[in-house]
Structure formats: C-alpha cells, structure tokens
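Colleague: As you go down the protein sequences, you meet chains D and E in turn. Quick note on numbering: the first sequence equals residues 1 to 109 in the working numbering. Quick note on numbering: the second sequence equals residues 1001 to 1155 in the working numbering.
Hint data in this document are derived by calculation from the structure and do not stem from the laboratory.
Here are the simulated BS3-like pairs of lysine-lysine, each with C-alpha atoms no more than 30 angstroms apart in a straight line:
id	chain 1	residue 1	chain 2	residue 2
1	E	Lys1088	D	Lys51
2	D	Lys59	E	Lys1088
3	D	Lys9	E	Lys1088
4	E	Lys1088	D	Lys12
5	E	Lys1147	D	Lys38
6	E	Lys1045	D	Lys47
7	E	Lys1147	D	Lys23
8	D	Lys23	E	Lys1088
9	E	Lys1037	D	Lys29
A short list of chain E residues far from chain D (calculated; beta carbon distances all over 12 angstroms):
id	residue
10	Lys1045
11	Gly1053
12	Gln1063
13	Asp1078
14	Thr1143
Ideal placement from N, C-alpha and C gives every residue a C-beta, glycine not left out.
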Amino acid sequence: MASAKPRVKVPKSAASGEIIEIKSLISHKMESGQRKDKKTGELIPRKIINKFIVTFNGKEFFSADWAPAIAANPYMSFHMRATESGTMEFTWVDDDGSKYTAKKDLKVG
Amino acid sequence: MSSKETPREISRRHVIVLVGAAAAAAGMLPRVSLADKAATEAAIKAAGGDGAGSGGITLDLPQIAENGNTVPVGVEVDSPMTAGNYVKTVHLFAEGNPNPEVCSIHFTPANGVAKASTRIRLAKTQNIVALAEMSDGSFKQETVEVKVTIGGCGG
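So here's chain D without its partners, still in its complex pose (with noise of 0.2 angstroms):
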C-alpha cells in the first residue's frame, strides 16, 4: 500500500516535572477484515496497525493494541512527565509487519 504517513505533536520545550500532552496521527485504512468487496462479494482481508510504541530515549513509556475497531487514521492521544531533555520515537506496526516510525526532540529545563 501507499506508505502510512505519520504526524506527531510533541512541545519543543518543556519545564522539568512538566506533564505534556503528545498527539500522535497515521494515516492508515486499518482495514477491519469485516467489509465485503462491493464487486465480488468477498470479505476484505483484514489490514491494520495492531500496535503503537513510544520510547524516550530508547524507554518504552506508553504502548497500545488496536484492534479492528479503532477508526481508519488511527490518532492517539497521551502524556508524558518531563524529566529530561531527549528524543522520542513513535512506531506502528503493521498486520502485515512494516513499521512506521516518526522521531520527535524535547527539550527539558
């Protein structure tokens, strides 16, 4: 398929002990494996994001599973506590088992 495209929305800066908000969008069909083809009347084998991971500075601090019922472009939502300066880095990954990743810089202090 196209390549999944990722956004993420991470502040550039934050004060130590800052709790921030972080959003995070891909744009992916997530293809429930519940639709039929319109033509054939087959079922529409099943194709989505059935993980999401985010890492600061190599941790992993917040995860997901998706199953089919999180809506195509999946977007998520979470926090994080500021504590140092750092790189996050957001992967999908795919039924299929590409992985999409994004990176972001957050400055602390």
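Assemble chain E onto chain D, guided by the hints.
Modeller: Below, chain E without anything else, positioned relative to chain D:
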C-alpha cells in the same frame, strides 16, 4: 424560488440519510454476529477484571454519535502515577461491535497521568466499557452508552 426549494432540500437530505442507514443495516446484519454483553464479560474475565470495582474512571464519549465510523473517546483514571502506585493498562470494550475488543492502552509512571484519547468504530447504539488494571493488581470498570445514528461496521 428559495421558499419552495428549502423544504425540497430537506426532504432530499432525509431520503439520503434513510437510504444510507438502511444500506448500512442491510449490509451489516448478514455478515457477522455482533458481540453481546456475554462476549464482553468473557473478554473482561480473560483480562482478569472479573468483579472489578467502580469509580475513579472518567470515560468521555459523545451521548449521540452521528457517524459510527469515527467516534472520539477519551479515558482518564485517577492515579498518582508513581512507581509504587500507577495504572498499568486500560482496556476498552464495545458490547455491540462484531468483536468486543477495541484497544488496550499500556501506561507507565512516566506518563504522569493515566489519560489517553483515540477514535473508534461503533456498529450500533451500545455500551462502551473501560476496564483499568492497577499496579497492585486491582481492577476498576466504567460503562457509558453511546447512541449511534449511522453504524460504522468495519469502515
């Protein structure tokens, strides 16, 4: 004349909505048997949350969702989110979808707050259940009903 066109526009829109709803319903029903309360309870049991307590969970969903293909949902669990006392996982279940599982959100103390939001598909009017697993192994649960105008059955 615009005074004559206005009612015609409205009735045309109504027809489109009705046809759309009928098509969605007709196309949906024969395909899959929808999950019910029992399947959701089984899923909650499988997650270990049988007999979960209540309170401390804010489950934010619209009362009425016009489009079941994308329904915003926010969940927040009261917790200090310290190393010794935090929310490990929040599971979301939809009682009226083909499968009750929606997502499992895994938190750590580094999140600061156990709060997340996403967008989900709802096949019809139904209850949404949030089940929170705490770091001490206890569970809490919250249920909210959402009325769905046009079901989002598999997109």
